[in-house]
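Build out the structure end to end from the sequences listed, making use of the hints.
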Amino acid sequence: MTNIAVTLTVNGVVRRAEVPGRRLLSDCLRHDLGLTGTHVGCEHGVCGCCTVLLDGEPVRSCLTLAATADGHEITTVEGLAGPDGEPSPVQRAFAECHGLQCGFCTPGFLCTVTALLRDNPAPSEEEVLEGLSGNLCRCTGYQNIVRSVRRAAELIAGEDDGGPAGWPSGPVRTSGDAEDTGHAGPAGDAEGAGRAGIAGGATGERAGAEGA
Amino acid sequence: MTTRLFGEPVPRREDPRLLTGRGRYLDDLGAGALEAAFVRSPHAHARILDIDVSAAIEVEGLVAIYTWEDLPEEVGAPLPLLIPHPALTHGRTARPLARDVVRHVGEPVVMVVARDRYLAEDACALIRVDYEPAEAVVGVETATRSARLVHDDVPGNVGAHLVQEVPSAAGLGAREAIDAAPHTLSFRLDIERSASMPLEGRGVYARWDADDRSLRIYSSTQTSTSVRMAVAARLGLPLTKVEVIAPDVGGGFGVKIVHPWPEEVLVPWAAMLLGREVKWTEDRREHFVSSAHERAQVQHVRVGFDDAGRVLGLDVTILHDHGAYTPYGIIVPIITATQLPGPYRIGAYRVEFSSVYTNTVQVTPYRGAGRPQAAFCMERTMDRIAAHLGLDRTAVREANFIQPDEFPYDQGLTFQDGRPLIYDSGDYPESLRMLKELIGWDSFGELRARAAAEGRRLGIGLGCYVEGTGVGPYEGGHVQITSDGRVHVSTGLTSQGQGHETAFAQIAAAELGVPLERVSVVTGDTRRFGYAVGTFASRAAVMSGNAIALACRRVREKALRIAADALEADPGDLEIVDGEVRVAGTPGVAVPLATVAVLANPLRYAFDAEAARATQFAGTPSPDRPPVAEGEEPGLEGRDYYSPVRSTFASGMHAAIVETDPLTAEIRVLRYAVVHDCGNLVNPMIVEGQIHGGVAQGVGGALYERMVYDEHGQLLNASFMDFLMPYVTEVPRIETAHLRTPSPLNPLGIKGAGEAGVIPVSAVIASAVEDAEGIRIDRMPISPSELFDLRRAAG
Ligand code: FES
Ligand code: FES
Chain C
1 MTNIAVTLTV NGVVRRAEVP GRRLLSDCLR HDLGLTGTHV GCEHGVCGCC
51 TVLLDGEPVR SCLTLAATAD GHEITTVEGL AGPDGEPSPV QRAFAECHGL
101 QCGFCTPGFL CTVTALLRDN PAPSEEEVLE GLSGNLCRCT GYQNIVRSVR
151 RAAELIAGED DGGPAGWPSG PVRTSGDAED TGHAGPAGDA EGAGRAGIAG
201 GATGERAGAE GA
Chain F
1 MTTRLFGEPV PRREDPRLLT GRGRYLDDLG AGALEAAFVR SPHAHARILD
51 IDVSAAIEVE GLVAIYTWED LPEEVGAPLP LLIPHPALTH GRTARPLARD
101 VVRHVGEPVV MVVARDRYLA EDACALIRVD YEPAEAVVGV ETATRSARLV
151 HDDVPGNVGA HLVQEVPSAA GLGAREAIDA APHTLSFRLD IERSASMPLE
201 GRGVYARWDA DDRSLRIYSS TQTSTSVRMA VAARLGLPLT KVEVIAPDVG
251 GGFGVKIVHP WPEEVLVPWA AMLLGREVKW TEDRREHFVS SAHERAQVQH
301 VRVGFDDAGR VLGLDVTILH DHGAYTPYGI IVPIITATQL PGPYRIGAYR
351 VEFSSVYTNT VQVTPYRGAG RPQAAFCMER TMDRIAAHLG LDRTAVREAN
401 FIQPDEFPYD QGLTFQDGRP LIYDSGDYPE SLRMLKELIG WDSFGELRAR
451 AAAEGRRLGI GLGCYVEGTG VGPYEGGHVQ ITSDGRVHVS TGLTSQGQGH
501 ETAFAQIAAA ELGVPLERVS VVTGDTRRFG YAVGTFASRA AVMSGNAIAL
551 ACRRVREKAL RIAADALEAD PGDLEIVDGE VRVAGTPGVA VPLATVAVLA
601 NPLRYAFDAE AARATQFAGT PSPDRPPVAE GEEPGLEGRD YYSPVRSTFA
651 SGMHAAIVET DPLTAEIRVL RYAVVHDCGN LVNPMIVEGQ IHGGVAQGVG
701 GALYERMVYD EHGQLLNASF MDFLMPYVTE VPRIETAHLR TPSPLNPLGI
751 KGAGEAGVIP VSAVIASAVE DAEGIRIDRM PISPSELFDL RRAAG
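Sequences listed follow chains C and F, in order. With full-length UniProt numbering, the residue at position 140 of the first sequence is 140, and numbering never jumps. With full-length UniProt numbering, the residue at position 339 of the second sequence is 339, and numbering never jumps.
Treat the hints as calculated values from the structure; they're not laboratory data. Misleading hints may appear alongside valid ones.
Distance ranges between label pairs, derived from CB positions [stated by the list, open to error]:
no. : chain 1 : residue 1 : chain 2 : residue 2 : range
1   : C       : N3        : F       : E69       : 30 to 40 Å
2   : F       : P662      : C       : N120      : 29 to 39 Å
3   : C       : E126      : F       : E352      : 43 to 53 Å
From the three backbone atoms N, C-alpha and C, an ideal C-beta is built for every residue, glycine too.
Next up, the structure:
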């Protein structure tokens with residue numbers, strides 16, 4: 001099988017690969033370029049785990065051939081953080097709001113939400129649901145993903161109030177207590193337990209990014 | 001405890017790597033490894049006549065093709081029956097590759113290894129397997145009536161049959177009690193198949209080190225220690241030469257507790273044989289047809305009750321669909337049978353189940369593990385009683401609740417761990433009161449009336465359950481403080497997104513009095529901890545959480561002993577704050593844990609400045625005592641195990657308000673409320689997340705998910721396009737409240753929470769739809785078209 005030479009700009013770095021015509025973009029990113037942050041949950045275009053930004057637009061990399069992405073710009077989860085490793089508002093919001101559990105769906109959500117908020121920085125509730133409705137998550141029940149999107153919108157708007165507006169816990173009662181013991185949540189907690197920074201630098205590209 | 005960490009919604013420590021693409025899931029490992037693919041049976045039941053691989057040999061990049069005949073005896077033997085039970089008289093398991101008969105679509109027949117997965121699949125496509133198809137057995141009722149057999153040597157297709165009976169206080173059997181009751185009802189209930197369906201499928205990657213003669217296996221598993229033992233035994237390797245690591249795992253929900261999977265045996269075996277790294281990553285279709293499903297049951301219920309709705313006798317007969325094999329024994333129907341009484345005091349109870357083979361994918365636990373079926377049965381029964389007597393549904397439940405002063409409460413049954421089913425604590429009346437308040441049960445009538453005036457149809461429903469969590473036999477924890485002051489915690493069970501690295505670090509930091517940042521946690525790596533059972537049955541926090549707490553207490557004690565010596569103080573006067581051992585009330589008299597760690601390990605060689613302080617000429621406290629005191633061991637570390645006498649019982653109650661469209665019969669959940677009691681919470685944010693995820697899976701099971709088999713045993717909807725899992729648009733906002741009745745059974749007072757969310761959802765939605773429609777709902781899931789048909793049938 002003759003290979004096709006493709007040149008992609010991935011997370012701002014020019015990358016080259018020789019791929020068979022049938023190679024999926026998801027496999028090319030993961031296995032040829034070593035960017036394994038993009039996940040594959042179904043390989044038939046339904047789960048959204050493999051979502052990356054192609055020229056800024058979310059696409060299913062499992063439904064895209066690497067060869068057709070030749071010459072295009074791609075952003076993967078590895079490229080969402082700032083140049084100094086500073087987490088993007090969307091990444092920060094997901095950490096603050098517990099918007100992930102196993103993390104397998106997360107890169108797809110992060111890419112989707114990044115594009116969503118870029119195009120519509122103040123989405124309505126409906127628009128948030130609509131924007132997320134192409135991505136499956138089997139762990140979170142989506143509650144905290146929706147909160148993460150709202151929180152990310154706040155962060156982007158510069159409304160950084162020092163933490164999320166409380167975890168969505170209801171009252172906690174200890175059996176036999178006469179009174180509610182109060183809300184379990186970091187809201188108002190001076191330590192601001194909700195400010196998870198992203199430790200470490202972004203991985204960006206592996207050494208020898210050019211000409212993989 | 002000196003630090004307010006236990007019980008706090010501490011942000012997760014796994015998130016930074018998972019949010020930046022630095023997680024390491026199975027298929028992210030092993031760049032350059034050979035890859036495996038499988039030829040799987042397209043027939044539900046067939047005899048293999050011939051396998052012709054000749055055309056595949058030509059495929060470029062092909063490395064090896066294996067059929068059953070190529071496997072050594074130990075490798076090709078039937079996989080272990082993991083949980084034998086005397087009632088499982090006809091347990092049957094598959095071989096890693098089918099020998100002569102295939103019993104479900106998807107059963108592996110040929111293994112291909114090639115340079116990459118594309119090429120391996122090319123070869124698979126060229127392999128010709130000649131089958132002689134046999135008639136398939138599909139559906140439990142067909143299976144029990146049919147003359148066709150899934151296994152030739154299992155008459156009637158019945159693998160197991162078990163009866164448990166608890167007589168009334170007056171000594172009446174359930175059937176007698178029902179006959180003598182003022183009111184009786186009998187009816188049938190049905191639940192269809194669903195599946196765990198984690199977004200990451202299974203996968204295994206093996207490296208054989210020929211020089212060291214050792215094997216390292218990475219598997220997307222819920223139990224690395226057991227995979228290790230199983231594979232070492234199969235491959236004839238000493239246990240010490242096999243290590244198994246569960247890397248980041250993209251969800252499990254039960255399916256990954258089964259082991260060893262065929263691929264977990266075959267991939268390491270091929271890696272040894274070929275002397276090359278080999279990897280296999282399951283694709284979605286494979287996951288549908290060759291892993292495991294759950295839920296399907298048919299239940300026949302007879303109940304007798306008095307005028308207040310008190311259950312005097314309950315008799316349930318269950319037909320449980322076990323699929324083609326029983327590797328995980330009969331845990332699921334046992335749990336259904338024993339958790340069925342829920343929070344109620346049942347006069348007399350009899351339960352009988354038959355576990356039946358069919359030519360479908362095997363059935364093993366999926367989050368909830370038989371409990372959703374149990375709650376569906378019990379709660380539908382409560383609703384029937386209420387309807388029959390014209391009572392409020394909550395009143396009937398109240399009339400049957402076990403009261404707070406009745407704990408410990410013995411249900412008289414034998415639970416899945418072989419131990420008596422004794423509830424340790426709970427407060428069911430309070431839980432129901434909280435639930436009614438949260439959902440607005442008493443004012444729902446007005447809401448319904450207002451909606452009705454607009455032509456809208458609303459209904460409300462509820463469901464209660466009790467969940468045995470934290471089953472034994474044990475888990476362990478190891479805690480080591482190194483001379484840099486860092487705390488290294490390890491436990492053998494595995495993680496699939498539950499935030500164990502965070503919750504266990506919270507426990508350790510709180511127990512030891514060290515800052516959270518200094519604690520790191522490793523799970524599921526047999527190199528770090530070799531003794532463990534696994535993550536299932538909502539047991540991780542209870543089992544490993546307590547084991548780690550106990551190990552920390554040992555380390556703490558040792559630290560205080562050593563520090564007391566160094567500070568010339570009484571250990572009783574010492575406290576650990578912020579990683580420093582201090583004399584309480586005497587500021588300035590302190591020694592950092594890092595130094596205590598140095599002192600705990602007398603050294604000969606100075607490899608850094610810290611170590612120099614522990615060497616022989618640095619001033620040993622007393623030259624006439626051995627450097628390592630009698631009864632002590634070098635190092636500041638401790639190991640301990642938690643092994644409870646029996647399970648601890650969490651509980652919960654859910655309610656929902658649904659709207660059904662008068663025209664299209666579409667069902668929408670408008671509100672969903674949860675009151676949950678899992679004792680003390682380690683991290684409420686994580687517990688909350690577990691509940692959300694469980695409820696979403698419950699909503700899937702109630703309204704959307706089913707495995708559609710045709711009569712030939714073909715799974716018609718084996719893709720995410722046709723098997724409908726809820727997206728964000730299908731899951732309602734979930735409102736939660738926590739009640740806290742600590743478990744008296746363990747040091748931390750916690751109960752499990754992992755499965756809670758999913759258990760009563762089908763019961764709750766059925767109750768609410770029934771309330772909206774006035775039509776009896778006794779089959780779940782329910783789709784709009786089914787509701788439409790029910791309406792038509794009701795005329
Ligand atoms: S992997 Fe691409 S959509 Fe599921
Ligand atoms: S966090 Fe596990 S699938 Fe979304």
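Hints, verified against the model:
| no. | hint | verdict |
| --- | --- | --- |
| 1 | C:N3 x F:E69: 30 to 40 Å | 36 Å, holds |
| 2 | F:P662 x C:N120: 29 to 39 Å | 35 Å, holds |
| 3 | C:E126 x F:E352: 43 to 53 Å | 50 Å, holds |
Every hint, counting from the list given before, is met by this structure.
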